Structure formats: C-alpha cells, structure tokens
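Enquirer: Start from the sequences, fold in the hints, and give me the full structure.
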Amino acid sequence: MSFSFLEFLKSLVELTTGTYLRQVWGDAPWVDPTLDVIGALLVATFGLLIVLVLIWLERKVIARFQDRIGPNRVGGKYGLLQPVADALKLLTKEIITPAGADLWAYNLAPFLIVVTVLMMWAVMPFAPGMIGVDLNIGLFYVLAISSVSVVTILLAGWGSNNKYALLGAFRAVAQMVSYEVPMILSLLIPILLARSMSTVDIVEAQAVPFIIVVPLSALIFFISSLAEMGRTPFDLLEAESEIVAGFHIEYSGMKFAMFMLAEYASALFMSGLFVIVFLGGYRFFGLETYVTSGGFALGNLIGLVAFFIKMFVMFSVLVWIRGTLPRFRIDQMMDFNWKFLVPLSLALILVVALVDKALPVGVSAWTQAGVHLVSNVLVGAVALEILRWRGRKQREAQEGRQEGLESVGVEATVAEAVAH
Amino acid sequence: MISDWRFIAFMVVITPLFPALPIGINLLLGPRKPNYIKQQIYECGVETVGDTWVQFKVQYYIYALIFVIFDIEAVFLFPIAAAYGQVGLFAVVEIALFIVILTAALAYAWGRGVLKWV
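Protein chains in written order, with my numbering: chain R, 10 to 429; chain G, 1290 to 1407.
Hints were generated in silico from the structure; no laboratory data involved.
This structure is a prediction, so every number in the text was calculated from the model and none was measured.
Among the hints, a few may not be true.
With a cut-off of at most 35 Å between alpha-carbon atoms, the simulated DSBU-like pairs for lysine-lysine come out as follows [claimed, not checked]:
1. 102(R) - 86(R)
2. 98(R) - 1322(G)
3. 1327(G) - 69(R)
4. 1405(G) - 348(R)
Expert: As structure tokens, then:
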C-alpha cells in the first residue's frame, strides 16, 4: 500500500467521522449542530442511494437462482445502470390519484414510509466512531421507529379506496404486529447479555459473537425480521396472485417507487441490525482496533469493510431465501408466530436470564458463552421434541380416523369421489 | 444525553426532503391528463361495487389486543434487561413471575380458541 493511498484513506475516515472538520473549525458553539446536520445528510443519502445497488444485486442473484442472466444491457455487460434507468423511467410516469381516495392518507404514506426507514439508519454503527448518533436506547429507538411503518402501510391501504389494498393492509398489519412480539423478545436477550441498549455497546460487548452465545435467539430474530420486512416466505401482504399487489396497488410513478425503495432499504437495515446484534458488527478478530505506526487508525477502515461484507452476506441470504421458499398461508403464518415463536422466545428469555444470574461473577467470556450455548441448544431441542410429539399425536388421530373409515368400507368410495 | 437527540431532530427535518425531491421532479416531468376511466379503482377490469371501507374481520382486532399486552411487557422488560447487572435475586424472581403470568395469559387465550384463524 503506497503512502499517498494511505493518506487518502486517512482523510476519508477523518471526514466521515467528523474529526477533520472539528480540527478545522475548533470548538465554537455552532460546530456540533453543523456536524450533526452533515451527519444526518450523509446517513440519509447513504440509506437512499444504497438501494440502487441492492436492486441490482437482488435482480442479479435471483436471476442466477432461476437460471437466467438477469439485467445485462444497460450500463455494460453486467447491467450495472439498470436501477438508474428504472428510476429515470419512473420519474417520467404520470402520477394517478384514484377516484375517492382519502387524499391525506394517500399522499402521506409514501413520505412516511421512507422517513421511517431512513430514520432507523441513525443508530447504525458502520465502524468505530462512524455512527449517526450513539443513543443510549439505540435498539429501543429502532423498534419504536419500525412500529411506525405499520401505521404507514395502514394509511396507504386505507387511503387508496381499493378493496385489494385494504385487504393487503389488514394482512400486513396483522403480520407485522404479530411478528413484532418475538422480534422484541429475541432482541431482549442480546441487551440482557450486553447490559445496554446502545448499539455501540452491544457491538463492543461481543468478544464472542452473540450468534454463538445465543443461536436460538438469533434464529428467532432472523425469522421474525423476515416477517417484519414482509419478504418471502412471509410476503402475504403483497401476494401478487392473491391480492394483486397489496397495499401499494393504487400508487404509480415515484410514489410507487418510494414503497419499493423503503422495502429494500429496510431489508438492508434488518440485515445490518442482525450483523450488529448477533454477528459482532464491525468487529473483525480484533483487527478493528489496529493503529498504524503513523497514528492512523487503520482499524476503523477494516471495521467498515468487515461490517459491509457481513451486511451484504446477510442480504444475500435474504435473496437466497426468496429464491427458494414458497409462501405461507395466513393461518399457518399466525399459528407459527403465536403458538411457536412467542412461547419459545418467552421460555428462552426466562432460561437466559436465570442462567446469566446463576453464573458466578467474573467467569471468562468463553465459559459464559459455552454455558449459554448449551442452555440454548437444550431449549431448542425441547421445543422441537414438543413439536414432534404433537405432530405424532395428530398423525395418529388422523390414521385412526382413516382406519375407522376402512372398516366400514367407505374408503373405496371416498377414493373414487376424489378421483372424479 | 439530551444533545444526542439533536441529531434525531435534524433527521426528522431532513429525511422528508429525500422522498419529496423525486416525487416533486416526477410531478414536474410526468404527464398529467386525468380522466374518468384512468382514475377508476383497480378491480380486475370490472367497476367496483359498494363501499371499500367496510367492517373488517374481528380476528385482526383480537390479535391487536394480544399484541398490546406483549408490547407493554416489552416496555417493562427493556429497562430490566439493560440494568440486569445491578438487579438482585429477588428482582430476578419477580421478572420470572412476570414472564410466567404473561405466558399464562397467552395460554388462556390459546385455550379459549382466540388464536384459531377462522
């Protein structure tokens, strides 16, 4: 690595973390607010522009899963400019307002959904010192803001004056509200282990990544965040084959684009949140604290790269799931949440809290992780065993019924009826 | 601490500009020729019958009620989780009781058939 390149990286890091501007401007009273404004602009711009990359990535990866090439004309061999072309096309489309729409609700929804997603990025630590603002209630803030998106979807569905949109909004609200419960409960466990709600503190507490310490909690969070985002297999809220497109059916042009944008941005945010809470965020085998001999914290840059790689890997997993799994039925989805995930996460909280208190003070991080891991696996095994027992009972009941039918010779008639 | 929220306040002011800009450009660039047919509500090619804003399935309402219980529970559990290092054994038992009572509420709702999607 040549010296000038290192210098360039240094100035980049200093600019983004505000150190450089603080040196230039000194400590006048207006400096901090100005830095906040710049930071807010940077965070929001990032949240918006990264979506162009995401759309390209998702289309390309999905195409590969379906044995196609994907976008390959606009912007060179790899179709890199496809999202830009799409955005330009949408910019010149007519915005149609349906007759009889509730104008306030209808027009407010696309604004609010983007605002909520961009607001969430404020507490995402990209690298050491590179964060919008380190709120002491970071995760609580994220959950609070993400609840607003439920209201937004209801506004869109209700305001459109369309039956499909309203049905989609009902489904969306029922689903997001339900899956918020296991999501909140599974987020409690990392908070309990880190003893803090701040996103930075949670990252710093992960000498052992929490996915090793509490894998069950990570799994519950992952599943329920899939449902929160409304992605496959939980994409009932925009099932094309059932309710056309769900809550955004009556939107066109850029207003429609805002919903797509918010969907992708929140998918990336949830991947990022998973990385922060369970995969150690910007931590990378201790390299993130590395400082060069010149006093330049190269570790910050390594942390940034590590965080982005982890986040995009998680996003690719989301795309992978979309390319693999079919959609749930609504009753299956609700049952899975209320009869499996919620009781399981309640039991898990109880177990983790008790195990954590039972451990003597001052044991090493790895011992602690091991004990938690074992208790987690045990809880998961018990849950699966209960499921198996229930399934067996149901199957036996069904087989018993069938035998009863056979004895009176009804089965042949039933089979004949089915065949017709 | 309170100065942390200044950043959030700026975010609240700045973020609405980001959707406003593309929608504004769209309003300028895009054509605007509304007519009766175009503005009709989409319903697979037929004209929509009756009012859209009808009564909805009561099931949604029940799920929302159960959700409120658990959401309030979260409000209580978050501070406890954050301060878990300082709480004593008595508090731990209390938390356990709290969670058990909530689980009992869920089991009650389950037993009464509330969670059955009809």
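Enquirer: Quick check: which numbered hints come out false for this structure?
Expert: Hint check: nothing fails, all pass.
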